[in-house]
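Chains H and F supply the protein sequences, listed in that same order.
Each residue of the first sequence is one higher than the one before, starting from 1 at the first, in UniProt numbering.
Each residue of the second sequence is one higher than the one before, starting from 1 at the first, in UniProt numbering.
No lab work stands behind these hints: they were computed from the structure.
Predicted model only: the values in this text are computed from it and were never measured.
Certain hints may be false.
Covered by chain H, per the in silico footprint, the following chain F stretches (three or more residues, Cβ under 8 Å) [as the list claims (entries may be wrong)]: (1) 99-112; (2) 173-187; (3) 190-197.
Every residue, glycine too, gets a C-beta built ideally from N, C-alpha and C.
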Amino acid sequence: MGDWGGYLSLILQGALVTAKLTVMGCALALVVAFIAGLGRVSRFAAIRWLATAYIEFFRGTSIFVQLFWVYFVLPFAGVTLEPIQAGIMALGLNVGAYAAEVVRGAILSVPRDQYEACIAVNLTRFQRMRHVIFPQALPLMLPTFGNNAIELLKGTAVVSLISLHDMTFQAQVVRAQTGSTLIPFATILVLYFLMALALSRAIRMIETRITRGLDGVR
Amino acid sequence: MEWDWAFVWQIMPTLLAGLKLTLLVTLLAAVVAAVLGLALAILRRSGNRAVARGTAALSEFIRGTPLLVQLYFIFYVLPDIGIRLPALLAGVIGMGLHYATYTAEVYRAGIENVPRGQWEAARATNLTMRQTWVHVIVPQAVPPMIPVLANYLIAMFKETPLLSAITVLELMNQAKSVANTYYRYIEPMTLVGVFFLAMSLVSVVFLRVLEARFGRMAK
Numbered sequence: 001m002g003d004w005g006g007y008l009s010l011i012l013q014g015a016l017v018t019a020k021l022t023v024m025g026c027a028l029a030l031v032v033a034f035i036a037g038l039g040r041v042s043r044f045a046a047i048r049w050l051a052t053a054y055i056e057f058f059r060g061t062s063i064f065v066q067l068f069w070v071y072f073v074l075p076f077a078g079v080t081l082e083p084i085q086a087g088i089m090a091l092g093l094n095v096g097a098y099a100a101e102v103v104r105g106a107i108l109s110v111p112r113d114q115y116e117a118c119i120a121v122n123l124t125r126f127q128r129m130r131h132v133i134f135p136q137a138l139p140l141m142l143p144t145f146g147n148n149a150i151e152l153l154k155g156t157a158v159v160s161l162i163s164l165h166d167m168t169f170q171a172q173v174v175r176a177q178t179g180s181t182l183i184p185f186a187t188i189l190v191l192y193f194l195m196a197l198a199l200s201r202a203i204r205m206i207e208t209r210i211t212r213g214l215d216g217v218r
Numbered sequence: 001m002e003w004d005w006a007f008v009w010q011i012m013p014t015l016l017a018g019l020k021l022t023l024l025v026t027l028l029a030a031v032v033a034a035v036l037g038l039a040l041a042i043l044r045r046s047g048n049r050a051v052a053r054g055t056a057a058l059s060e061f062i063r064g065t066p067l068l069v070q071l072y073f074i075f076y077v078l079p080d081i082g083i084r085l086p087a088l089l090a091g092v093i094g095m096g097l098h099y100a101t102y103t104a105e106v107y108r109a110g111i112e113n114v115p116r117g118q119w120e121a122a123r124a125t126n127l128t129m130r131q132t133w134v135h136v137i138v139p140q141a142v143p144p145m146i147p148v149l150a151n152y153l154i155a156m157f158k159e160t161p162l163l164s165a166i167t168v169l170e171l172m173n174q175a176k177s178v179a180n181t182y183y184r185y186i187e188p189m190t191l192v193g194v195f196f197l198a199m200s201l202v203s204v205v206f207l208r209v210l211e212a213r214f215g216r217m218a219k
């Protein structure tokens, strides 16, 4: 019989790392998604190509491969990242690519006549995006962003393989020290699920907050 | 450190062996996902509410937790209760089960997208339940599912590197082992990326063809 309290606190420390990775990864993904998503609908062909290349590259390979590449290959190019930086970068860029397609889809799904109306009332391109297109596109993006955030949370498990001390890594440590397999893995499965639930709740709250007053409009 | 072509040719056979196993795992797991997903979709529609609820909750749980941890669970926990699976089989089952929860949703949406009127017409013309499914519902429900299912097949292919964590010698694991042997990471890791990127670019084209052939499923 081991020191279960100690092992639990080890796993909870890991949970903190997982939560940190998720939050910071999501923040990076959000920024990247808007840059690349807006880039995809830019009027300059060069920017469109650049955004497409980025999106196809990061969607074409898995988070695992990207993480290993960032962690093992970049040091030879003179860029050495801490495991947590590599983790956040790979997660954010990977999920950002998926979310960029969501941004693009939502912006394109705003009806054409909205654009025409903006031209008719002489709004600048920036005003058109800021006041007309974006507020209508945002509610369409949110549910899928929620799914993307959960994908990112699930992706964080992979960082344990570059020896970052997240929840999965700590569960392996507990397994190695106690020889018990069921308890650590069942615990982290439940914890991951609770985090995923919390994420989807949070997104739903943001959704009701943003769509307030839009009933009957859409 | 520079790119060394001689080293690339030296490690190529090992990587190709890994690629072969990756493709094999993907195909096997896809079959498991397709069949299990159908089972989940049917259970989800079950008249027994406890069964339907239970299936929904289980799917939700599997989808909310990382595949890597599920693989660890199958590979490390099941032997404790006497089920010792070889790594490859554990990987195929784990991936198949994970993606079955996604394919089940595709099946469900596909079936629900068949208009109600079709069911009513089948009843009006006195078709049996079997005839309704075989001649009316399935022919309309399946074609729109194909591109979506193909999409998940590609997603599974990209997730196979996770199996290296439970000692399956697929592409990523082969690359890692040659990298550790020669302490050269640039070539193996980059080649793995290139392989996956090339395969997924090809499959994007393939997906476009499927979409053009069968149409997109309305969400």
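Results of checking the hints against the structure:
1. 99-112: violated (count 0)
2. 173-187: Held - the stretch 173-187 of chain F has 4 residues with a Cβ nearer than 8 Å to chain H, which meets the minimum of three.
3. 190-197: Satisfied; 5 residues make the cut.
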